[in-house]
Every structure is written in C-alpha cells, then in structure tokens.
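Trainee: Listed below, chain by chain, are the residues.
There are 2 protein chains.
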Amino acid sequence: MRLIESIREMTAWSKEQVREGRTVGFVPTMGYLHEGHLTLMRRAREACDRVVVSIFVNPLQFGAGEDYEEYPRDLTRDSRLAESAGVDVLFAPAVREMYPKGYHTFVDVERLTEGLCGASRPGHFRGVTTVVCKLFNIVRPDVAYFGQKDAQQLAIIRRMTEDLNLPVSVVGVPIVREADGLAMSSRNVYLSPEERQAALVLSKALARARDLVESGERDAARLRQTITETITAEPLAAIDYVSIVDNRFIQPVDTLAGDCLIALAVRIGKTRLIDNMVVEV
Amino acid sequence: MRLIESIREMTAWSKEQVREGRTVGFVPTMGYLHEGHLTLMRRAREACDRVVVSIFVNPLQFGAGEDYEEYPRDLTRDSRLAESAGVDVLFAPAVREMYPKGYHTFVDVERLTEGLCGASRPGHFRGVTTVVCKLFNIVRPDVAYFGQKDAQQLAIIRRMTEDLNLPVSVVGVPIVREADGLAMSSRNVYLSPEERQAALVLSKALARARDLVESGERDAARLRQTITETITAEPLAAIDYVSIVDNRFIQPVDTLAGDCLIALAVRIGKTRLIDNMVVEV
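As they're listed, the protein sequences go chains A and B.
Residue numbering for the first sequence follows this note's numbering, beginning at 3 and increasing consecutively.
Residue numbering for the second sequence follows this note's numbering, beginning at 3 and increasing consecutively.
Only chain A is shown next, with the shape it has when bound in the complex (with noise of 0.2 Å):
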C-alpha cells in the first residue's frame, strides 16, 4: 500500500490509471477507521482495480466549539487496518495541501442541508461537499463508497454529484453496528461504560418504530413519538431531532410514501450520535 501525501502525487497516480483503463473505487474517510470504513473499503476491493481511501479530518466541516482538535486520529493503525482491507493507496493530505492560502471557493447543496444536522451544525455540510467535489476531482474514482449511517450527507453528496454532472457513481452501504445495535462511528470512542450502554437507545428506539411500521403505521407524528418517548426515558440522553423525511430531498412528510428516512441525532453526555433507518412503504 502506497501513502500519498501531496494533491499532485495523488493526481498523478489518478491520470495513470485513467490512462491504463483501471477502475478506481474510492473511500473518503476521516480516519479512526472501524468496521464501517472496512466494510466500504471491501465492497471497493471487491468491484474495482484500484481502491483509494483517503484521510482527511476535514477543519471546513466542524463548527466553533465542535470536536475538530479532539477527533481521534491514529494513522499508524489505520494505514494498517487499510492495508489489511485490500487498499492500494492511503491518500492522507495535511489541511495546508487541501486550504492553501488564498483558497476561497465552496459548493453549496440548497434545500437538502436545511434540517437534521443542517440544522443543528450549520456550514458543516458546505464542508462536506466541498471536501468531496475537491477530492473527487484529485482522485478521480470511477465508484465511490459512502456509509448510510450519514444519511443526510449521502443523500447531499448524490445530489451534489448529480447536479454538478461529476463522473463518480455513489454508492452507500448499509450501517455496520456493534454486536448490541450500536451504530459503528469513530465518535463511541468519546463514550463512558456507562454512556456506551446509554447509546442503545438510539438504535432501540428505531427498531420500536420499525416495528411500528412493519404493523402498518404511516403517520410521521406518531412514529416520531414513540421514538421520542424512548429516547427520553433514558436518563443520560437529551435529543438533538428526531425527523422522518422523504430520502431523496431530506424535506420533511407527514405520512410515509416511497423511501423515506428516519433519522436521529443524539447527545449522550457530551457526545453527539447519529442513527437512522431507511423505510420503503
């Protein structure tokens, strides 16, 4: 597995498989790598000729006074969790090579960023598809790999895809849980025993409102109290939002239809978690 550091080293590899006819899947990650980044980095090995992963703690994406200096880092284990996974290249950029002095351009997804974490984490999705449309355009994937755990910033970077006729295709995968339903993310390292048990709520809550579905129910308000009932009833958790929307547009319903999105966010303690659940009724 080859490290690449610089933007012009990493270009240049790209325009050599490009020009060899290799297929390039791609895992944009920010490192800490757990199973859900391995099960990405898999399904890349599995379809492509070359796999990229890249880790990048992106500052553009956090807000003041969110975890940008805390967010674990380990490139020494993650360089060999990725080479273990199959992974050709590790492109591992320092924030100087991505935001040179002078940088001043942003890609803007409207409509799909105003709720959930929108919301609550304002510019954090301007990061996000900023970050991707660079490194899209460095890397040059044929396939990119995206966790459906992010459900919103999957569902933005399709549309940011789409709209800026970028020659990726997207592909998300299903949420890679602990055994006991814990959503997997470099955050549950931020977690006390006693916080780590709380976060069960999350995935608990969501499994009563499948199984509300799966019994026939279709109104949004009450699916969002049960769920809401559930989180509140454990004691070290306070909700951030509790939102059914439809999943293409991320724009709120009142009644299930077609594919829709139940999503969550968390705090529990000082952590914020994200869960969700996609429903096709």
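Think of the hints as simulated: they come from the structure by calculation, not from any bench.
Please read these numbers as outputs of a predicted model, since none were measured by experiment.
No false leads were mixed into what you were given.
No distinction is drawn between identical chains; accordingly, a pair holds when it is met within one copy or between any pair of copies.
In the SDA-like style, the derived pairs of lysine to any residue whose C-alpha atoms are separated by at most 25 Å in a straight line are:
id	residue 1	residue 2
1	151	209
2	206	240
3	17	164
4	103	167
5	103	282
6	17	173
7	151	186
8	151	104
9	103	173
10	17	160
11	103	258
12	272	75
13	17	48
14	17	50
15	151	227
Model the placement of chain B on the given structure of chain A, informed by the hints.
Mentor: Chain B in isolation, oriented as in the chain A frame:
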C-alpha cells in the same frame, strides 16, 4: 462538426477522447459568436487534438431585470462560424438539461466576486462558476479558453479551478477589439449608431490611463480620476464602476504594483458594457 444537445451524449464523447488519449480544448460561450470567440477557438484548434465549443445562455448568471430574454441567439449562424474555425463539437444543451427539476447545487467563489461586476450583479458569478464547473465535468477538457475581456470572470474561474482541483488548464486570451478600439461583445448589437460611437469612450479612457502608467503614474486614485473624467465627458455614458485591483484576488489597490487590473463598466443608453486592461508594473 457534430452538434450535441444531451449531457449523456457529450459525456460519452468526452470519455472516448480520454480513452483514446486525445487532448480536448474547450471554449464555453453564450453564443452569438464574434471575432473574440473565434480567436479562442483558433487558439484551441492550434493546441489540442479536439475542440469543443459550448453555447448556453445560462439563466443562473442573469439577475432579475437583466437581459436574459433579449440576449441575442442564433444557433444556425453560430454553427457555421464554429465549423469555419475548425470546431469538432458544438455542445448546445437546453436549460432543463443543465438544470433539471430538483437541481440544488451551487459553486461559490468568495472575496474575488465581491467587487466590480459582482457588486452590481449579485449572484452573477455564482451562476458563472456553477455552470463552468458543470461544463468542465461534462466536457472534461485539458485546456479551457476564456477571454480577458471578462477579466474578473477569468480570475474567478482560475481560482475555482485551482481550489476545486479541477484537472483543467485555464488560458486567458487578450481582448479582441473592433478597428476603432471597441472591445468585441455580443451585447454590442444592442447599440444604436449614436451609442456605438459613444461606446468608444471605454477604450479611450483606458488608453489615457495606459499613457499615464507608461509615463510613471502609480497612484490608483489619480488614474481612476482620469478615466472617470474621460467617461463623464460623454453625455450618453453613465459609469457603473471604475476599479483598479490586483489581478489575482481582485482586491482594490491604492498604488499600482505587480499585476493590476484596471476595469470599468459603463452604461451606454440601456446597454452595459465592460472593458479592462492589465498593467504589469
């Protein structure tokens, strides 16, 4: 010469050029071609294996009350002219092809877009950068050619291309003028014979400023004053702006140093014309 109207067909063509290792030169235009555009096409023809010209009157870069509806259009004439310049593909998508229902993504360049035309045409450059980003992704050129006539636009597109790591060389081509000095523009057709004569005041004012710079003047305020006096002496002319900025970040300068841009926008009757001059001191 091939006329392509669908993005799918254009993308397939571009992909084939990449596969065959052919270089592509690209000239994005709003059509109603004049000698300025043809000069760009000839430059592309000399340097590249294939030449693509796009014709798209981009609604996104026109403000409310601007001339989107009246903007001159003549695809038959444009096709003939492009073919005579050795163009291989004319890409002329419909508005709904470029901005389908549910379109939500925009590219913004900050700071460089604030002054000059950005101040009097809010949203204009957002429209320009968004459409150029899309066109670059669809056409996948190695080199793209832009007229120096739209100097601020050129600086903004250079900035966007560098910031978003778009794999395109952006080439600026000097202003092409009529024999009497008027910078070529598709909007010159709006001018009555009397206005056409009055419009010479733009290039005349710039010529006076050049004389002053050549005789050692470096003070931006005094240069602006000379330009302003020259233009206001013309009864049909009304100044929109007279600006002296650095040519990279388009920020006002007090004293000429390095690469500076002297740029002006003037209304002649109802027609807004721009002209400029780059001075290297």
